[in-house]
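A.B. asks: Given chain A's structure and the hints, the job is docking chains B and C onto it.
Residue numbers (my numbering), protein chains in the order written: chain A, 2 to 82; chain B, 74 to 543; chain C, -3 to 271.
No wet-lab data here; the hints were simulated from the structure.
Treat the numbers as computed from the prediction; the structure is a model and nothing was measured.
Every clue listed holds true.
So the derived list for chain B, only partly shown, Cβ under 10 Å to chain C, looks like this: (1) K85; (2) H86; (3) F87; (4) S116; (5) R117; (6) P360.
Straight line, CA to CA, 25 Å or less: simulated DSS-like cross-link-like pairs of lysine-lysine: (7) K98/B x K19/A; (8) K89/B x K19/A; (9) K98/B x K207/C; (10) K173/C x K17/C; (11) K10/A x K132/B; (12) K89/B x K207/C; (13) K341/B x K512/B; (14) K239/B x K10/A; (15) K207/C x K85/B.
Cβ-Cβ distance ranges computed for the label pairs, FRET-style: (16) E73/A x S239/C: 30 to 36 Å; (17) Q146/C x K341/B: 47 to 53 Å; (18) N125/B x V192/C: 39 to 45 Å; (19) P137/B x D143/C: 30 to 36 Å; (20) R514/B x E151/C: 54 to 60 Å; (21) I363/B x R147/C: 16 to 22 Å; (22) R197/C x A129/B: 39 to 45 Å; (23) S239/C x P360/B: 38 to 44 Å; (24) L529/B x S70/A: 39 to 45 Å; (25) F533/B x R147/C: 58 to 64 Å; (26) P360/B x N74/C: 33 to 39 Å.
Note that CB positions come from ideal geometry on N, CA and C, so glycine has one too.
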Amino acid sequence: MTLTLDQLKIGQEAVITKLVCTGITRRRMMDLGILPGTHLQAEFISPLGDPIAYRVREALIALRHEQASQIEMILVEESEV
Amino acid sequence: MNAQTDILQTAKHFQKELGEEYHDKVVEAIYADAARIADNCVSRDAQKAKLNFDTALDKALTHPIGGFLVMGLMFFIVFWLTISGANIPSQILADLLLDKAYYGLHGIATALSAPDWLSGFLIDGVYLATAWVVAVMLPPMAIFFPLFTLLEDFGYLPRVAFNLDKLFARTGAHGKQSLSMMMGFGCNAAGVISTRIIDSPRERLIAIITNNFSICNGRWPTLILIGTIFISSTAPPILASFVAALSVVAIAVLGIVTTLLVSWGLSKTWLKGETSVFSLELPPYRPPQILQTLYTSVIDRTAIVLWRAVQMAAPAGAVIWLISNIYLGDVSIAGYLVNFLNPLGLLLGMNGVILLAYIVAIPANEIVIPTILMLTLTLGSNIVGAQSGVILELENTQVYTVLTQVGGWTLLTAVNLMLFTLLHNPCSTTILTIWNETKNRKWTLIASLLPVALGLIVTFSTATLYRLFM
Amino acid sequence: MTTDIAVDCRTCPAYNAAALKKLGMNVEEADYIIALAGNPNTGKSTVFNALTGLRQHVGNWPGKTVARAEGGLIFNDNQYKLVDLPGTYSLLSTSTDEEIARDFLLFGQPSVTVVVVDATRLERNLNLTLQILEITESVVVALNLIDEAQRHGIEVNERQLSRQLGVPVIPMVARRKQGIPELLQAIEAVAKGDYVTRPHRTRQYDTRLEKALEAMVQTIEQTYPDLPNPRWVALRLLDGDASIEEAIREHRLGDLSRGKSVVPIADTISLEVVS
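Pulled out of the complex, with its shape left as it was, chain A reads as follows (with noise of 0.2 Å):
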């Protein structure tokens, strides 16, 4: 089974494997350096229960749960890192 981004818990990490999305949401995530092969580490989510905050190429950028759901990755476990 193929997990999507917003499977990932806070504190986990994961490797990005594919962006579902397509035009200018996919062109968009590409310039906030979210694309294949991307790491990054869920930080915290919104007291509201979305967005979520991720470490990307050291910046923080929140996405919603929407988005997130759009993106596949597999995970990082902890030992490897």
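C.D. replies: Relative to the frame of chain A, chains B and C by itself:
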């Protein structure tokens, strides 16, 4: 000619051949290079990176309980500092501009034996309204804007947008709208400008159109005054000031609710469409540069907004004086207008004077109450001795007497005035700013008229309910 | 011995600060046009203000500089016009901010482009820097916020970075005016050609793509042999960039290679009507 088409056709040919993955590959190659170069040039002290102050602060500021507590506290401190801090400088300015300079100018006019109509028009009309706006508007803005800018520069405001995003997402808007909304509590014109931080056009338009539902500096005094002298009288004395404060807060909260409802309505109707791409970066915290901030926010925000307001207030003062002093037969133009507007005003649970005051005070909400007082007195029995066209301020108890006895105000009038203060057209400075930001007639018109329409509906409904049940 | 002193003086910030005259908005005839580019939140506006003496609001926001801001300065008797471009993450997408920045770099033909880079987030910032290096070779990198980087335990080797990018890299703390004189010197050196840059160009790993690019570059060069950045134009054309296609259709690309300065930029931005 052919060379150009040749280039474009070759490009089209390759585009087909390379397909959709082209853009991704280009971006990937650049990022790969960037990562490699950064790796070669950056060294990290892992120990230091672990003890990250920013991360701890982020956890605290976005904490389910702490986050909201801090937000509430910040909001409260900013407004408390603005309102209480502005009191003394406002009084000094009022004393200087509305008292000393005003009588000084009249003295000069008398010495030059200027005709009454000229000194009346220039000093009582143009000067007084302009000076009034400056005295009431300048101090709170000079406090509010720097405070807001400091929070912005420190990096706190993006966290607020992060905390509140879901609320706005549900209405089809952007979390950053929470910030333009807050800015609107200081000044709607500045709030409209601040929507520039929202990078998607649809969400930005929603933020622009709804900004007027944030009660701006010019409207707080009206609400506080009416809340204090009318609403508080409905409660036992011990609770009076609490009830007054509560009524003002209730209107502000109603404004936020309206913002969300109208945002939702807009994204279901005129501004239908996909939620555009959301992106919100949470920048690292940076120590704010206090002196620089003071300077830039006073110059950039306060001065610009104040200048626009002055440009608008001067003609408004002229109009107020003229309609009060030009007579057609026995009745001034103001008198005719009030009589004309009265039936509608009463239908809405207010009166013709209030509506006329709102129409002539389009340029600056600050002068609504002074204009209402002047019109009420000069058109009714002038128990205080107000002069035609000279806007004035009175003690709270006097205001109550004038409005109830001369103006015939009831509790309904007060409540509906408060509602109408929230729900009416943006001031002309804001309308001008909306035009500048959108360059679009339709949206400027909608942003200007939608709130009035809501105001008419709401006040009509409350008036009808009041008549049915009270 | 005397030469030593002269050199010492030259590198002393006080010497250079005296040679700088901030002109604010009063720029008429500039000898050189300097573009200021960078990601949002890198202190770009602080650099702009430090150089021109203007006080543009420094905001912690993307999209703060919505329209272009311009200012001027005189350094060592040369007059420079500084154009502050909107802060963007990239030049490859389609936002209005990016279009303004990209069009100015391409058609405004700045003598030097200063890329303000956040030392705490180098990798992310290099993405834009590398894209700019594709467009123009006259680049100076202002490595800003090195104090913040130190606070986070990050050390950037600016010599190494300069070698890899092939352009001058000036470490600075713009907020405290650190590095401003050195930045001015580097700008001057690149503008006058005293410093010859060797810009890093990204190769495409995909051979099919690389071949297509080369073919495109050839086609473009047949018509525009003097074009300074045919590879970038080719890259954008393959991406279906409408503004470049239009420039070709309207023969503006030709003006570019003949050295005419064409600046077709919307000064203010109005919202597109969303229906």
